[in-house]
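S.K.: Residue strings, one per chain:
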Amino acid sequence: MNRVIRSIAFVVLSLPSAAVFAEFPNDRPIRVVTPYGAGGGIDVAARILASIGEEHLGTRVDVVNMPGAGGLTAATFVREAEPDGYTLLISDYTPLVTLPLRESTPYSTDDWLPLVQVTEIAPTFVINASTGYESLADVLQAAKQKPGALAATHGTFMSSSHLPLLRLEQNAGVTFNHVPTSGGGETFQFLLGNIVQLAVTTPATIIGPARSGRVLPVAVATANRISALPDTPTLRESGIDIVMPVWYTIFTTSEVPADRVRLLAERIVTAYASTEAQILAKRAGLEIEPRGLEDTKQNYLQTISTVADTLSGLRE
Amino acid sequence: MTADILATVTTLALSPAVIFAVLTGVLLGVTVGAVPGISGDMAMALLLPYVFTMDPAPAIGMLMGVYKGGLFGGSVSAILFGVPGTPGAAATILDGFPAKEAGYPNRALHVALYSSVAGDFAGVLVLVFVAAPLAMLALSFGPREFFALYLASIVIIAGLDRGRIAKGLAAAWLGVLLAMVGRDPFSGAERLTFGLPELGSGLGLIPVLIGLFAVSEILLQAARTWRESNSGKTNTIAAADKSLHYLANDHLGWREFRSLWRPVAIGSATGTFIGALPGAGATLAGFLSYGLARRASKHPERFGTGSLEGVAAPEAGNSATACATLIPLFAFGIPGSGSAALIGAAFMMQGISPGPTMIDDNMTIVYAIFVLLLIGGIFNLLTSKLLLPYYSRIAMLQPRYVLPVVLGLAVLGTYATNNVAFDVWVLLAAGLLGVAMRLLGVPIAPLALGFILGPGLERALRQSLILGHNDLAYLVASPAAIAIYAASTAMLILLFRAHSTRP
Numbered sequence: 497m498n499r500v501i502r503s504i505a506f507v508v509l510s511l512p513s514a515a516v517f518a519e520f521p522n523d524r525p526i527r528v529v530t531p532y533g534a535g536g537g538i539d540v541a542a543r544i545l546a547s548i549g550e551e552h553l554g555t556r557v558d559v560v561n562m563p564g565a566g567g568l569t570a571a572t573f574v575r576e577a578e579p580d581g582y583t584l585l586i587s588d589y590t591p592l593v594t595l596p597l598r599e600s601t602p603y604s605t606d607d608w609l610p611l612v613q614v615t616e617i618a619p620t621f622v623i624n625a626s627t628g629y630e631s632l633a634d635v636l637q638a639a640k641q642k643p644g645a646l647a648a649t650h651g652t653f654m655s656s657s658h659l660p661l662l663r664l665e666q667n668a669g670v671t672f673n674h675v676p677t678s679g680g681g682e683t684f685q686f687l688l689g690n691i692v693q694l695a696v697t698t699p700a701t702i703i704g705p706a707r708s709g710r711v712l713p714v715a716v717a718t719a720n721r722i723s724a725l726p727d728t729p730t731l732r733e734s735g736i737d738i739v740m741p742v743w744y745t746i747f748t749t750s751e752v753p754a755d756r757v758r759l760l761a762e763r764i765v766t767a768y769a770s771t772e773a774q775i776l777a778k779r780a781g782l783e784i785e786p787r788g789l790e791d792t793k794q795n796y797l798q799t800i801s802t803v804a805d806t807l808s809g810l811r812e
Numbered sequence: 216m217t218a219d220i221l222a223t224v225t226t227l228a229l230s231p232a233v234i235f236a237v238l239t240g241v242l243l244g245v246t247v248g249a250v251p252g253i254s255g256d257m258a259m260a261l262l263l264p265y266v267f268t269m270d271p272a273p274a275i276g277m278l279m280g281v282y283k284g285g286l287f288g289g290s291v292s293a294i295l296f297g298v299p300g301t302p303g304a305a306a307t308i309l310d311g312f313p314a315k316e317a318g319y320p321n322r323a324l325h326v327a328l329y330s331s332v333a334g335d336f337a338g339v340l341v342l343v344f345v346a347a348p349l350a351m352l353a354l355s356f357g358p359r360e361f362f363a364l365y366l367a368s369i370v371i372i373a374g375l376d377r378g379r380i381a382k383g384l385a386a387a388w389l390g391v392l393l394a395m396v397g398r399d400p401f402s403g404a405e406r407l408t409f410g411l412p413e414l415g416s417g418l419g420l421i422p423v424l425i426g427l428f429a430v431s432e433i434l435l436q437a438a439r440t441w442r443e444s445n446s447g448k449t450n451t452i453a454a455a456d457k458s459l460h461y462l463a464n465d466h467l468g469w470r471e472f473r474s475l476w477r478p479v480a481i482g483s484a485t486g487t488f489i490g491a492l493p494g495a496g497a498t499l500a501g502f503l504s505y506g507l508a509r510r511a512s513k514h515p516e517r518f519g520t521g522s523l524e525g526v527a528a529p530e531a532g533n534s535a536t537a538c539a540t541l542i543p544l545f546a547f548g549i550p551g552s553g554s555a556a557l558i559g560a561a562f563m564m565q566g567i568s569p570g571p572t573m574i575d576d577n578m579t580i581v582y583a584i585f586v587l588l589l590i591g592g593i594f595n596l597l598t599s600k601l602l603l604p605y606y607s608r609i610a611m612l613q614p615r616y617v618l619p620v621v622l623g624l625a626v627l628g629t630y631a632t633n634n635v636a637f638d639v640w641v642l643l644a645a646g647l648l649g650v651a652m653r654l655l656g657v658p659i660a661p662l663a664l665g666f667i668l669g670p671g672l673e674r675a676l677r678q679s680l681i682l683g684h685n686d687l688a689y690l691v692a693s694p695a696a697i698a699i700y701a702a703s704t705a706m707l708i709l710l711f712r713a714h715s716t717r718p
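Protein sequence lines, in the order shown, are assigned to chains S and R. For the first sequence, the working numbering begins at 497 and goes up steadily by one. For the second sequence, the working numbering begins at 216 and goes up steadily by one.
Keep in mind that the hints were calculated from the coordinates and are not lab data. Every residue gets a Cβ at the ideal spot worked out from N, C-alpha and C, and that includes glycine. There may be inaccurate statements among the hints.
Said to hold, decoys possible - Residues of chain R placed beyond 10 angstroms of chain S at every Cβ, according to the derived structure:
hint	residue
1	A317
2	F336
3	A353
4	F356
5	G357
6	K382
7	P400
8	S446
9	K600
10	L602
11	L654
12	R674
13	Q678
14	I697
15	S703
Said to hold, decoys possible - Label pairs and their in silico Cβ distance ranges:
hint	chain 1	residue 1	chain 2	residue 2	range
16	R	G415	S	S604	40 to 46 angstroms
17	S	D791	R	A222	48 to 54 angstroms
18	R	E413	S	S750	54 to 60 angstroms
19	R	D399	S	S604	30 to 36 angstroms
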């Protein structure tokens, strides 16, 4: 009798170890950490994956919001997590590129392995339609004549809306009076009230007012024109060679085994490309165009070099 | 044509799915609002993914229901426990909690509910009829006007407590100082963090508010109870306090509520205007309404001791912001507050792009939404009225049992906001600060307001200095700013005079 019990116990106890042999990623949920709070663009993109992730990835996908310290909290958390492919980070470039290049962080840009670029957002330069300026060239000319007299808004210091403005100044040789604002709401308030003459923001924020003609988007900082604003020229078209798109990319850390990396990337791309995800994205006003490992890595490296260049230009 | 629209709107807005969504939203909002630490905003953010999958009308209906319910729910906790369930209810504590201590929580709760609903309706009416012109006025507010508004509000609230104006001002500026902990918004430099990375994002609003108002109260009461039981004899005052006798006729009559029309009107007007200003908020509206109502009251001395006027005004004020905060969103596509941003996100998810063309492009939906807002207000009134007697009974529970539960909920709610344990330490530290302030006779409300308005105040000042190229004269070179400064100086002089002519 004892022997029977003991052998049954042995079998039962050895069952969990079989989990070790379960195929990745089947035994635990995958966590996607976001460095910002609930409700923003990145959060929405993560939640789209979470809602359809299970059928494509084979396991539940959970979104974990960890706002704080400009993204440092979330990034450090993911960096220090087990490199087993279960903890991912979805972020824009501020915590992962700008932050380590400016201050000492517990990680560097080499520690991150970009998996899938989910969407790309164009930094958009906007002016008040009733000021008489009709293009970016007009604004730049006025700024050249009166350095520091024209005011331009941007979001948080050194954020993905501030850097394009700085680069524009470096490139075009002008100086604006920088007015940081607390976000899209305040930016608009000041632009429409003519307290500032130029604003750097995202297309989603200004589509409504642009359609009604109150504001005029004069340039986008991407390689090609964007479908939401087909009449707005790119900075390149206006003769200014600046391409600094804001991407939302899913990362993991560089120590994760290559086969898991490939698997995750493939499946996440499929998930985002699915009809369901596209419908959810449309509803949320996000244009989701997933890019695979190679393209995403290219964009990541490109951004690192552009940001590093901009920052060193500032130090001079 | 209008009959057509009306018909479509009615079918849309009054469909069972929508009604159910609004009802659920209101119930959820009131419950969540009543729990200290969890606010309506949080609930709305958590609902967003679920709302994704709903149709536009029920989705917006539910979110607005949660928001409105939350604004009233916060007052339940404010009145019964002296804890702001939502930051917007902070000003309601000033007279709401003393009202409960004095034995008439039921009247106070009813006044809060009716004032809330009145303010809410005022907000809806303004939204529907006056949105565009009001938004134009709000547009003329630039950084220097905002600075004037914030500065004036802080000074007025600090000066409210006549006997302690200096202490009030000190508390207010301490609050502003505490708000500066964290990263400098313009340069990103860390300030007052003492090298602690957890302080990099600053002190959380929820832990500070709850710590100041609630934890300090709980600690003091606990100390009193402990001292009582240790010394063996019953401290008569404490015993009388805690035995919670209730006035036999703690019931609100219609006539009595009617007599409160003035604070309700003041609150509604203030709340609507403040709500329409991007960045100002329910808390500011609550406090400012309180201050203005007191100024206009025939019995200002009763404020702070449980005056029902002191409950009506901030409640009408903070609820009026609910719909008013949608004004910049509807008129310009600018969300004026976090909650408006969430609603804006919900609109966009449904393919409605907020902004000037929104109303023209989506007329039926927008009118349906207006109807929904009204329905939401009515449901808020009905459900809360039904549940109020049960809420009041909670007040009858012995503090000995209630307070630990409230403290537990406060700690959990604080932790749940950001999953950061540090926030709980902030909560306790704020509690100790609150205890010290109460013992030293320094008023807490100005500190809370200074803390809430601090970031906006600093930002407005620095933006003004940037725009004015460091010329201080820029700050006063605007008619609106001058008007605000003049009005608040006049109010302060009157407050001072009232104090010094007292025998």
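S.K.: Each of the hints needs a verdict: does it hold here or not?
M.R.: Do the hints match the structure? See the list:
Non-interface status of A317 (chain R) relative to chain S is upheld: no Cβ of that chain comes within 10 angstroms, the nearest being about 40 angstroms off. Against the 10 angstroms criterion, F336 (chain R) stays outside the reach of chain S, whose nearest CB is about 25 angstroms from its own CB. Not every Cβ of chain S is farther than 10 angstroms from the Cβ of A353 (chain R); the closest lies at roughly 8 angstroms, contradicting the non-interface assignment. For F356 (chain R), the condition that its CB be more than 10 angstroms from all CB atoms of chain S is violated, with the nearest at approximately 7 angstroms.
With a minimum CB-CB distance of about 4 angstroms to chain S, G357 (chain R) fails to clear the 10 angstroms threshold, and the non-interface call is violated. The beta carbon of K382 (chain R) is kept farther than 10 angstroms from every beta carbon of chain S, the shortest such distance being approximately 31 angstroms. A Cβ of chain S approaches the Cβ of P400 (chain R) within 10 angstroms, the least distance being about 6 angstroms, so the stated non-interface status is violated. At roughly 46 angstroms from the closest C-beta of chain S, the C-beta of S446 (chain R) stays outside 10 angstroms, upholding its exclusion from the interface.
A cut-off of 10 angstroms between C-beta atoms confirms that K600 (chain R) is not in contact with chain S; the least separation is 32 angstroms. Distance to chain S confirms L602 (chain R) as a non-interface residue, since its nearest Cβ pair spans about 28 angstroms, more than 10 angstroms. Remark: the non-interface label on L654 (chain R) is consistent with the geometry, its nearest Cβ contact in chain S lying 33 angstroms away (cut-off 10 angstroms). The claim that R674 (chain R) is not at the interface with chain S is violated, since a C-beta of that chain comes within 10 angstroms of its own (minimum 6 angstroms).
With a cut of 10 angstroms on Cβ distances, Q678 (chain R) falls inside the contact zone with chain S, its closest approach being about 5 angstroms. No Cβ of chain S comes within 10 angstroms of the Cβ of I697 (chain R); the nearest lies about 17 angstroms off, and the non-interface call holds. Even its closest Cβ contact with chain S, about 22 angstroms, leaves S703 (chain R) beyond 10 angstroms, as expected for a residue assigned away from the interface. In this structure the hint that G415 (chain R) and S604 (chain S) lie 40 to 46 angstroms apart at CB is violated, the actual value being about 19 angstroms.
The hint said 48 to 54 angstroms for the Cβ distance between D791 (chain S) and A222 (chain R), and at roughly 52 angstroms that hint holds. Taken as a hint, the range 54 to 60 angstroms is violated for the pair E413 (chain R) and S750 (chain S), whose Cβ atoms sit roughly 27 angstroms apart. Distance hint check for D399 (chain R) and S604 (chain S): the Cβ-Cβ separation is about 25 angstroms, which falls outside the suggested range of 30 to 36 angstroms.
Consistency with the previously given hints fails for numbers 3, 4, 5, 7, 12, 13, 16, 18 and 19, ordered from lowest to highest.
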